[in-house]
Amino acid sequence: MTVTDLEIGSDRQTPVVKGGGRPKRRARLLPGGLRWILPAFAISVGLIYYSIIYSGYLSFFSWPGGRALMTPVGFGNYISALADPVLWTSLRNTIIYFVVVFIVQVAGGTLFAAAMHSKIRFANLYKVLVVIPVVVAPATLAPAHVEVWQSDGTVNSILGFFGLSALQQPWIGQSTTSLLVVTLVGCWDAIGYGFILIYAGMAQIDPELIEAGRLDGAGNFRVLFSIVLPTLRPIIVSLAILNFITALKLFDSPWLITQGGPAHSSEFLGTMIYAETASSDRNLGYASALSILVLIIAIAVSVFMQLRGRERLTRTKPRRKEAADV
Amino acid sequence: MFETRSRRARITLQLVLTVAVVPFVIPLIAMLQTSFEGQGWGNYLAVVQVPGFPKFFLNTIIIAVASIVIVYVATLAAAFGFSKLRVRGKELYFWLMMAALTLPEVVLIAPLYTTAVKLGLLGTYWSVILPIAALQIPFTVLIARGYVDGIPDAMFEAARIDGASTWRVFWSILVPLSRPMAVALMVLVLIYAWNSYLLPKVFLIDDGMGVVTQLPEFFRRQYNDDTPKILAASVITAIPTIIAYIALQRQFERGMAAGAIK
Numbered sequence: 001m002t003v004t005d006l007e008i009g010s011d012r013q014t015p016v017v018k019g020g021g022r023p024k025r026r027a028r029l030l031p032g033g034l035r036w037i038l039p040a041f042a043i044s045v046g047l048i049y050y051s052i053i054y055s056g057y058l059s060f061f062s063w064p065g066g067r068a069l070m071t072p073v074g075f076g077n078y079i080s081a082l083a084d085p086v087l088w089t090s091l092r093n094t095i096i097y098f099v100v101v102f103i104v105q106v107a108g109g110t111l112f113a114a115a116m117h118s119k120i121r122f123a124n125l126y127k128v129l130v131v132i133p134v135v136v137a138p139a140t141l142a143p144a145h146v147e148v149w150q151s152d153g154t155v156n157s158i159l160g161f162f163g164l165s166a167l168q169q170p171w172i173g174q175s176t177t178s179l180l181v182v183t184l185v186g187c188w189d190a191i192g193y194g195f196i197l198i199y200a201g202m203a204q205i206d207p208e209l210i211e212a213g214r215l216d217g218a219g220n221f222r223v224l225f226s227i228v229l230p231t232l233r234p235i236i237v238s239l240a241i242l243n244f245i246t247a248l249k250l251f252d253s254p255w256l257i258t259q260g261g262p263a264h265s266s267e268f269l270g271t272m273i274y275a276e277t278a279s280s281d282r283n284l285g286y287a288s289a290l291s292i293l294v295l296i297i298a299i300a301v302s303v304f305m306q307l308r309g310r311e312r313l314t315r316t317k318p319r320r321k322e323a324a325d326v
Numbered sequence: 001m002f003e004t005r006s007r008r009a010r011i012t013l014q015l016v017l018t019v020a021v022v023p024f025v026i027p028l029i030a031m032l033q034t035s036f037e038g039q040g041w042g043n044y045l046a047v048v049q050v051p052g053f054p055k056f057f058l059n060t061i062i063i064a065v066a067s068i069v070i071v072y073v074a075t076l077a078a079a080f081g082f083s084k085l086r087v088r089g090k091e092l093y094f095w096l097m098m099a100a101l102t103l104p105e106v107v108l109i110a111p112l113y114t115t116a117v118k119l120g121l122l123g124t125y126w127s128v129i130l131p132i133a134a135l136q137i138p139f140t141v142l143i144a145r146g147y148v149d150g151i152p153d154a155m156f157e158a159a160r161i162d163g164a165s166t167w168r169v170f171w172s173i174l175v176p177l178s179r180p181m182a183v184a185l186m187v188l189v190l191i192y193a194w195n196s197y198l199l200p201k202v203f204l205i206d207d208g209m210g211v212v213t214q215l216p217e218f219f220r221r222q223y224n225d226d227t228p229k230i231l232a233a234s235v236i237t238a239i240p241t242i243i244a245y246i247a248l249q250r251q252f253e254r255g256m257a258a259g260a261i262k
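Read top to bottom, the protein sequences are chains A and B.
Here the first sequence is numbered in this note's numbering, starting from 1 and rising by one per residue.
Here the second sequence is numbered in this note's numbering, starting from 1 and rising by one per residue.
Source of the hints: derived by calculation from the structure; they are not laboratory data.
Since this is a predicted model, take the numbers as computed values, not measurements.
Each residue gets a CB set at the ideal place from its N, CA and C atoms; glycine is no exception.
Don't take each hint at face value.
Said to hold, decoys possible - Partner residues are not named here, just some residues of chain B that face chain A (Cβ under 8 angstroms, in silico): (1) A77; (2) L103; (3) Y125.
Whenever a hint applies, use it, and build me the whole structure from the sequences.
Right, here's the structure in full:
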């Protein structure tokens, strides 16, 4: 491969332009690629779209599965889902979980990322500790969280040690605190993820930009809020979308720590759908209707966030350019 | 990022960081400490000697390896097709695939459970491998296509002019050049498959087909809430992932970051 070859390659965007001899000739020269994309397309698009369509179909029936009769119920499943107070509790929990975890993730991730881009001893040790919850399965770590939050667990003994026995309580077993436990475990899982993305994003910021800010007399926090965070906006938008999807499908930790209880106080859509699919008095039609509702929410929210994110991005861009010119 | 000119500022930052990391250490210490309660190492010995214990690891390894192979082959071929070959209406196919990018897996379980029962696939490895692959492919194709777009077309043209077949071009140019990206993506698929819990729980209902994430529940059922042993099992399950992460740190972080920075 010579240098000239590579230079020719740099005009690879020309085929988009219509007309002109070269793109046409190249198009004819290119071998067909349909069979190359077919395996990926069949597995992912095939299986996923099949599931969604089948789900939509099932959602109009009442059906315990297997050989039992499928009773058509029209929109009955949707109506009873929307009338089910557990669904509204789940939605409320999903929103609370999303908002709290997202804020903690961005704040914690930024703190750790900024600190590890500074001169710090044992940076790698801190990093591994923060990222362990990202790589180890929530299902594997759930027993550890139960150990920490149960009545004779670590949190209560720490409170006792500091003479705060008045605050000791059965965190998991009471409906006022079970959601708090699940949400805090979610924060524990999410900070490392935010840290990795924000750390990588910070590494891409032009050091001159920060230097310019410092020359203008900006302190650490000023640099962080006026230069670094605005540049990270695309990452923060991605984190918001990812977090929302995580909250929508949350299953592992609520199921293994609180079982969605007590009295559905820490119920999420994931645990609801699972319970409806796997319990002995299941109604797969109802589970499908819930799945379709989750899907509609997921699509609507990601589109909304993506559009909002982009809008803001274009609005802040010119200002950032000025900063770069200084 | 933070400028610490004075010694005091440096110590303050170090201190803040240490305090911030304490909540991360507490569950890990609680887990280790409790896992040694009672019989000490005996807990670990008892866990390892439980009949069927190696089977949990074997099942997870089979599922992870099969998912990685399927995702790798399908992703590289698709990235090649989308980026360097002629496909009529390719952007439509691409969009159909990307629409599934943020699909919550839980919406798949009711229809797939029904289908698996009908096809007799319930309780087989395929019932977990295929959904894992299906859910990972949109993401890996998005990243891989972006990466392959960055390889100059001229390289492929030159090989073709020299008479190489499409297959040969794929094998001798694309596969070696995309290795760094592919490794990063496969580390992510490995972690995802290793940690998957909902899909095996729904589809692998038989104890003999359990995966590592089901070990704590298995012990809870078998040994009546013998907490130290449950936690010993958790520690044993967590160690391979932690070692894998430390060994493949850079690839893992690159793969994760690739998704969001795009």
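Verification of the hints:
no.	hint	result
1	A77	holds, 5 angstroms
2	L103	holds, 6 angstroms
3	Y125	violated, 15 angstroms
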